[in-house]
Amino acid sequence: MSREQPADDGTEGKFGDYGGQYVPEVLMPAVEELTDAYERYVLDNEDGFVDDLRSRLREFGGRPTPLSYAANLSERYGFDVYLKREDLLHGGAHKLNNALGQVLLAKYMGKERIVAETGAGQHGTATAMACAYLDVPCEIYMGRTDVNRQRPNVFRMRIHDAEVNPVDVGSGTLKEAINETMRDWATNVEDTHYVIGSVVGPHPFPAMVRDFQSVVGEELRAQSRDQLGELPEAVIACAGGGSNTMGAFASFVGSAELAGAPEGAQEPAPDVDLLAVEAGGSSLDVDADAGYAPNSASLSTGTEGVLHGARTKLLQTGEGQIVESHSISAGLDYAGVGPELAHLVDTGRVTPVNVDDDAALEAFHRLSREEGIIPALESSHAVAYLEAYEGDGPVVVNVSGRGDKDLDTVIEESTARDLDTAPTMEVFEE
Amino acid sequence: MTRSDLRAAFEDGPALVSYVAAGDPSAAASKAYVEALVEGGSDVIELGLPFSEPVAEGRTIQQAIKRALDAGMTPEAYLDLVRDLDIDVPVVCMTYYNLIYQFGPEPGPEAFVEAAAEAGISGFVVPDLPVDESGPLYEACREHGLDLVFIVAPTTTPERLERLLDRTTGFVYVQGRLGTTGARDEVSDDTPASLERLRDADLPKAVGFGISSGEQAREIVASGADGVVVGSAYVDIVAEGVADDRPTAEVADRIEALARELKQGALDAVPEPERK
Chain H
1 MSREQPADDG
11 TEGKFGDYGG
21 QYVPEVLMPA
31 VEELTDAYER
41 YVLDNEDGFV
51 DDLRSRLREF
61 GGRPTPLSYA
71 ANLSERYGFD
81 VYLKREDLLH
91 GGAHKLNNAL
101 GQVLLAKYMG
111 KERIVAETGA
121 GQHGTATAMA
131 CAYLDVPCEI
141 YMGRTDVNRQ
151 RPNVFRMRIH
161 DAEVNPVDVG
171 SGTLKEAINE
181 TMRDWATNVE
191 DTHYVIGSVV
201 GPHPFPAMVR
211 DFQSVVGEEL
221 RAQSRDQLGE
231 LPEAVIACAG
241 GGSNTMGAFA
251 SFVGSAELAG
261 APEGAQEPAP
271 DVDLLAVEAG
281 GSSLDVDADA
291 GYAPNSASLS
301 TGTEGVLHGA
311 RTKLLQTGEG
321 QIVESHSISA
331 GLDYAGVGPE
341 LAHLVDTGRV
351 TPVNVDDDAA
361 LEAFHRLSRE
371 EGIIPALESS
381 HAVAYLEAYE
391 GDGPVVVNVS
401 GRGDKDLDTV
411 IEESTARDLD
421 TAPTMEVFEE
Chain D
431 MTRSDLRAAF
441 EDGPALVSYV
451 AAGDPSAAAS
461 KAYVEALVEG
471 GSDVIELGLP
481 FSEPVAEGRT
491 IQQAIKRALD
501 AGMTPEAYLD
511 LVRDLDIDVP
521 VVCMTYYNLI
531 YQFGPEPGPE
541 AFVEAAAEAG
551 ISGFVVPDLP
561 VDESGPLYEA
571 CREHGLDLVF
581 IVAPTTTPER
591 LERLLDRTTG
601 FVYVQGRLGT
611 TGARDEVSDD
621 TPASLERLRD
631 ADLPKAVGFG
641 ISSGEQAREI
651 VASGADGVVV
661 GSAYVDIVAE
671 GVADDRPTAE
681 VADRIEALAR
691 ELKQGALDAV
701 PEPERK
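Line order of the protein sequences matches chains H and D. Under the working numbering, the first sequence has 15 at position 15, and the numbering climbs by one with no breaks. Under the working numbering, the second sequence has 525 at position 95, and the numbering climbs by one with no breaks.
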């Protein structure tokens, strides 16, 4: 029989074979409405939306964030290391770029309520902040495991007056929170916008979130020219769903479409190596029969499938059941990845690499001790890859967020692993 | 075993379409529950093939799916269960696209559709596969003589409705309310309007999402539906049975009684002389 689809078939938003809009019918009109709003406001700057967003990102968000020279790491590795400081964005992570963009877009669309899901809590916090700032009611779903390991962010969301709903099913992490948020959206779709936190989900989310995050790569590119006098040899970013990765990379692969992007920001730069660092967890070997992957490396080890609205690379069993993922970093702990990133890996433009939990933890302490910057455990994965990097530099590492939220996890895990580079806290115990 | 096609199941008056999740809480128990549903008057069985991320389901069916997966339900075991069923009504497979797509040596829906047809499945409902992406599954279903049933939601636009009806065979699944599956006490006010805009569709219309009693079934058929789809209300009985450690036969009896009530409710909406 023919494998060809009828000519009129197929949803929008494909990256090669990946992407699309695999959602229940009840959500399809909302997804189509959002696609229309994305094209009008984001791509065509209707009603000055993009100018409004950029001005708010400057005044409320604190953009641009610096590109900092890391003198001590540069000395350690023998090549120049620069850090793109998304940890200095308001809220402490790159997440605000997208959350502010989407909440503002929802207001332009006349939506009255925001729902979102969060893993590490950074996206939930950014959404809650944006909602407080733009005066929109906000409800956040968060897996119970993540609630327990990211309590400071739960408090921050509550302080911004967001409702936080712990999700008790499954492993209580991001994938369960996404399922629950999709259910809420399906129930309240007429007046509610779902702020997806990464470059995942049905079109237009992967493209739209990338565009909102592309400001990171635009700045990084311009700052490299100013400060280094050239583009870097490599850009290194951690990849869970992949929003900071696509944000940092978009200006080097020519895919960002945000209206008003500076001249040159969207030109491809094929000489720049783009390294997506995944969470290797405790091992790359997936025990598919046990329904568990001790990593979150879906670009490196996943297979093509359909989950949460898109066709992409997934951690799944041979039968197609999604397996539980693992990372020491809650923000990377997800069984899927953005469809555009999957496509860029297939075409060879982006190279997926990975570091394990131990290496990420070591890197957390290294950056804190040697450069005075406490990185998020997510970003620590990108920093950790410098140990394995074999080029001559200069390289830019995207420090996607700060690590204050991770301190409890870091102390606990460092102590459990008897990590000799970690400070000992025993002296302070009663 | 002979199985009529889906459309024929609606020809003798208002039809009851009944859902349970395969393997909840075991393959043997769900076989007994399906047979009880037919005994109680179900005209179509919608048998859920459990997927780990059931985003279109409410809490009740989500938990049923978890019980089934924990008990080891797989696509292969599902097909074995279908082959074993001793019933003479059509069985529709309700599942998510990734499971259909991953079955067999090559990615794509063909292998599963072929195996499902061989096992005795009459059609599919795939809630996360929009009509726009249904080309390959639609072709495979046509090739093997299976129906592909699409869900029409209260939010479906007229333009989408036309495309949905072009591709739907067997019957139209009318989602009676916004949200996910799950038993509710009231029939949604949206239901008559949803049915009204399908009046000209040349297919039987079955309303689902939220129906749990004979009275609700009566109301819905009186609004113009050709049938009702019920799932969570049965699954609630299964869940209670699991919690109270009841024997399978006792749970099956309760399920049969509810099916009987629902079927009677649907029949009550149609005046006696008009019943075929």
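In short, the hints are calculated from the structure, not lab data. Every residue gets a Cβ at the ideal spot worked out from N, C-alpha and C, and that includes glycine. Keep in mind that a hint or two might mislead.
[To be verified] Computed footprint of chain H on chain D, listed as stretches where at least three residues anywhere in the stretch have a Cβ under 8 angstroms from a Cβ of chain H:
(1) 472-486
(2) 585-595
(3) 608-614
(4) 674-680
Inset, instruction - Quick one: see if chain H covers the segment 608-614 of chain D, three-plus residues with Cβ-Cβ under 8 angstroms. - result: It holds: at least three residues are needed, and the segment 608-614 of chain D offers 3 whose Cβ sits within less than 8 angstroms of chain H.
Inset, instruction - Confirm or reject the coverage of the segment 585-595 of chain D by chain H under the rule of 3 or more residues with a beta carbon closer than 8 angstroms to the chain's beta carbons. - result: Holds, because 5 residues of the segment 585-595 of chain D bring their Cβ atoms closer than 8 angstroms to Cβ atoms of chain H.
Inset, instruction - Verify the coverage statement for the segment 472-486 of chain D against chain H, using a C-beta to C-beta distance below 8 angstroms and requiring 3 or more qualifying residues. - result: The restraint on the segment 472-486 of chain D holds, since 6 of its residues have a Cβ under 8 angstroms from chain H and three suffice.
Inset, instruction - Check whether three or more residues of the segment 674-680 of chain D sit with their beta carbon closer than 8 angstroms to a beta carbon of chain H. - result: violated (count 0)
Against the hints set out earlier in the document, a violation occurs for number 4 only.
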